[in-house]
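Asks: The listed protein sequences correspond, in order, to chains A and B. Counting along the first sequence from 1, when you hit position 36 you're at 36 in the numbering used here, and nothing is skipped either side. Counting along the second sequence from 1, when you hit position 362 you're at 362 in the numbering used here, and nothing is skipped either side.
Misleading hints may appear alongside valid ones.
[Unchecked claim] Derived DSSO-like pairs: lysine-lysine, alpha-carbon spacing no greater than 30 angstroms straight-line:
id	chain 1	residue 1	chain 2	residue 2
1	B	K352	B	K252
2	B	K352	B	K372
3	A	K7	B	K252
4	A	K7	B	K372
5	B	K248	A	K105
6	B	K107	B	K32
7	A	K53	B	K33
8	A	K53	B	K372
9	B	K283	B	K372
10	B	K372	B	K107
11	B	K352	B	K107
12	A	K7	B	K283
13	A	K7	A	K53
14	A	K53	B	K283
15	B	K248	A	K7
16	A	K105	B	K352
Quick caveat, the hints were computed from the structure, so don't treat them as lab data.
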Amino acid sequence: MTSFEPKLVAFLCHWCTYTGADLAGTTRQQYPPNVRVVHLMCSGAIDPLHVVKALTDGADGVFIGGCHPRDCHYQTGNYKARRRVATIKTILSRLGFGSDRVWLKWISASEGKLFAETMTQVTEELRRMGPNPLGGAWHA
Amino acid sequence: MPETTGIRRTVRLSPGEGGGLTGLLRDLLASKKIGGVLLPLRLPSADGVALGLVTDPGELGPAELFAPVMPVQGARVVSSLTRSGATEPLVAVLKPCEWRAVVELVKFRQVDPEKLYVVVPDCAGTVEVTDLTRRAARGQGIDQTVDALWAAAEGGTPDADVSMRPACSLCDRFTAAADATLMRFGTGSGEAPVLEIGTGFAALLESAGIVLDEGTAPTGRQASIARLAAERARHGDLVLRELEERVKGPDKFLAAFSACIRCRNCMEVCPICYCPECLFRTKVLDLEPERYLRLAARKSALRLPADTLLFHVIRMAHMATSCVGCGVCESACPSRLPVSALFRMVGSDVQKLFDYEPGRDAAELPPPVTFKDHELEDAH
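So that you can see chain B by itself, here it is in the shape it has in the complex (with noise of 0.2 angstroms):
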């Protein structure tokens, strides 16, 4: 059951080769107390890392637990897993963010949390699939650009050939409490990784039999956490800013848009969008051919297909207040428009609106399906 509260133990992970989570994840399978694990494994052409789920103790060989990215939006994958009831207890392995969508698609009955057990490692932020495919053709692949991604979110020298995703780049969100945590930030080399875990997996563990030894958070980790979370701050007031004034206004949107192909790969990946019947997918906006001939008499003309600062504005309507800031959207878009920044930006401010965090907490109900007595008096 994912858990946003509660009380939390740190536990020392046995070190080296087989052991630290991918060991404990072994053995969780082996004692049959869990039906698979969800995680990201390299891929076999080595340059990258898809999200797999395995049943098999011995099969966890390629796993990349701080994997540099993120091809899905792994809160999709769980809910394809959970949203008609999970028969198997599952761990899942996924990042901050796409915790922070599995609590807002739990709220919206599209993830089962009933026998799910999220971990999370902390996040040094990833790179776009290509990127890491180019890096991989010269020999600085996967361990490479992780090392690469840690370096620079430790306080390092970045380096020049990495560049993080944009969401990442802006992101201050980067560990979550969740069933689990796998520590990194403040850990020297060589120390013996700790995951901070919730009465639930503690719980799961005990069934196991799976018995571990006391551990404490690193040192230097609330430190490395915050210095770098004023550091990503500070970068997203700059970017918002600036994005604020490339696209206010009728005119600076569509032309920051101009190049939108509506493809509406944005809506594909992103996790909250999860509606079958999407207004987007359905023949609402399909008008008769008089309709349209109406249309381009009253303007000068009409651009066909029609409607796309309506698409992007109406799917913020519908979903903002659930955005993660994952920018899977972004990631996704063939003309790279800014949607990730949009969203946040957007999505920033109808937040602040109702007071409302996603991914705060699963019992929080989302601003669209619930209001108050009294609130937003000067709305009219």
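With the rest of the complex left out, here is chain A (with noise of 0.2 angstroms):
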């Protein structure tokens, strides 16, 4: 019998956590393979249909990686982010639909090591709760 591996969308803004991935990468950190990630330009462009839309299409979990407050390149986008997501993830707790699926850190370019645990915390969690029931409901 395969174990389940825990398939995860990771939306990572440019100047912070998508370069701080890129980091981990290029001092060789390790992390699980199951990350797949979308690279946009700011934490502030996710719309709770990209968190939502993953997790109905069958991704297990979702993370959402932008500047620290005060750092976002465009000065605001990540605090309209933190409550888009503080908003989703209340609407989906609400409705059991597995809030703790979602996840929100603030991880800067230099904190490639950070990018990394976080990476392997978040999949073993995702491990640990099993894969995701919406992602199998085909009348969903």
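Two independent chains are provided; combine them into the complex using the hints.
Replies: The structure is reproduced here in structure tokens:
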């Protein structure tokens, strides 16, 4: 029996987290290969649509990575992301759709090690949680 | 200008035929200080009510100030009358939930508050449009339905044939300050109607040369309101707890929503869903054929049209912070899905998250368009 390999979709902002992920790579930090990265210019470009569509299309978890507050390349994008993610997590939580499958973390361009550690942590949590029930629902 | 704060006075309207608020509106139109009145009017078939815009003071005869139905959300109508800038002052007679939606639409720049005066009569609730037509066919039409709703609201025995729309049965915000409030709670029969007015409306009356005697709010009003609000809040808690049981989790939610036919009526009638470029009206979610095939291969099948759950969840994510609980979504749903209670339940959560109350204050920015430097620290 093949063990469950979680599918993690990660929306990473260009200026911070995506670059931090790049740094993880160049400094050869090890982390599980379960993550599928979507490269955005800013975490503020996230719409709850992206998070929920990933979950209904079969992703087991969704990760959003952005710049630390006050460090957004576009000044305020990450503050908007914080509100949007809080909103969608509240909705998912009330409806029992697995709000704990959605993460928002601030990871800067210099935090390569933190990126790798976070990916490892999130993947392990998803492995424990098991497959996302929404992903298998053909009638969703 | 819609007011949500400020000094208010109570004035007495003349009683009887030709008097009351309708008489006042007639006098305002005759003074030419306003260009029109938007208010519920009895339809010629006498089995229904519709919002009508009246410019002639002599045409207010069919006015139904306490309309027992809400066939459209009045805020949408106010938006089409004022969105590109009002040309003349207008008075709109709206229900409390329509007023709250107007306040939200002012924030979204879909209603121009300049030259708009909103009068909100106390509301005992409404029935579905079809229920009224059915009752009218049996000679129990508008007047009898209004009486039954008010009797039930003020502690009398509810009429078993008059069932309120689900959203009304949970509503505990059935009065509103606005520019003026037409009071009815606590009013005995035969008592002259009383209007509570804000400074803007007072100025309008003064400019029209209309002088009204001071009045006092009916003595039983606060108690009547408090009693009904408590009853509705209790009922609301019960209904929302039952709903949560029914829809929590993917399996239950999808079962409860299996009858959704993707007509999107809920979105069409919702006053907050004003975006002409709504995501769900664009081709964004229309995929290339190969992607449908790939999705179908990943799951056991792919329901088409796809994204039913996505539609409801994302509509919530986009508008639930401004949901005013009017329930036209559920009234318009051909499958009678419990959308009004669902949005009320989820709306309440996201509104609490930001300490936001839709309709409370026109100067308060809706959560999606603003943020604080320090908040939601535990969100990640």
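Asks: Next, verify each hint and record whether it holds.
Replies: Hints, verified against the model:
1. Distance check on the hinted pair: K352 of chain B and K252 of chain B sit about 25 angstroms apart at the alpha-carbon level, within 30 angstroms; holds.
2. Taken as a hint, the K352 of chain B and K372 of chain B pair is honoured in the structure, with Cα atoms around 15 angstroms apart against an allowance of 30 angstroms.
3. This hinted pair checks out: K7 of chain A and K252 of chain B have alpha carbons roughly 24 angstroms apart, not beyond 30 angstroms.
4. With a CA separation close to 33 angstroms, the supplied pair K7 of chain A and K372 of chain B exceeds the 30 angstroms bound.
5. Between K248 of chain B and K105 of chain A, the direct Cα distance comes to roughly 27 angstroms. Compliance with the 30 angstroms bound is thereby established for this hinted pair.
6. Among the hinted pairs, K107 of chain B with K32 of chain B is consistent with the structure: their alpha-carbon atoms are about 29 angstroms apart, no more than 30 angstroms.
7. With a C-alpha separation of about 53 angstroms, the suggested pair K53 of chain A and K33 of chain B falls outside the 30 angstroms cut-off, and the hint is violated.
8. Distance restraint check for K53 of chain A and K372 of chain B: the Cα-Cα separation of roughly 28 angstroms lies within the 30 angstroms cut-off, and the hinted pair is therefore satisfied.
9. The hinted pair formed by K283 of chain B and K372 of chain B fails the criterion: a straight-line CA distance of about 34 angstroms is larger than 30 angstroms.
10. A C-alpha spacing of about 18 angstroms is found between K372 of chain B and K107 of chain B, which places the hinted pair at or below 30 angstroms, so the restraint holds.
11. Distance hint between K352 of chain B and K107 of chain B is fulfilled; the C-alpha atoms sit about 19 angstroms from each other, no more than 30 angstroms.
12. Between K7 of chain A and K283 of chain B the alpha-carbon distance is near 27 angstroms, which keeps this suggested pair within the 30 angstroms criterion.
13. Of the pairs offered as hints, the one joining K7 of chain A and K53 of chain A holds, with about 14 angstroms between alpha carbons and a cut-off of 30 angstroms not exceeded.
14. Note on K53 of chain A and K283 of chain B: the hinted pairing holds, with a Cα-Cα distance of about 15 angstroms set against a maximum of 30 angstroms.
15. Only pairs whose Cα atoms come within 30 angstroms are accepted, and K248 of chain B paired with K7 of chain A is accepted, the gap being roughly 24 angstroms.
16. As the CA atoms of K105 of chain A and K352 of chain B are separated by approximately 23 angstroms, the hinted pair is consistent with the 30 angstroms bound.
Violated hints, in rising order: 4, 7, 9; the structure is consistent with all others.
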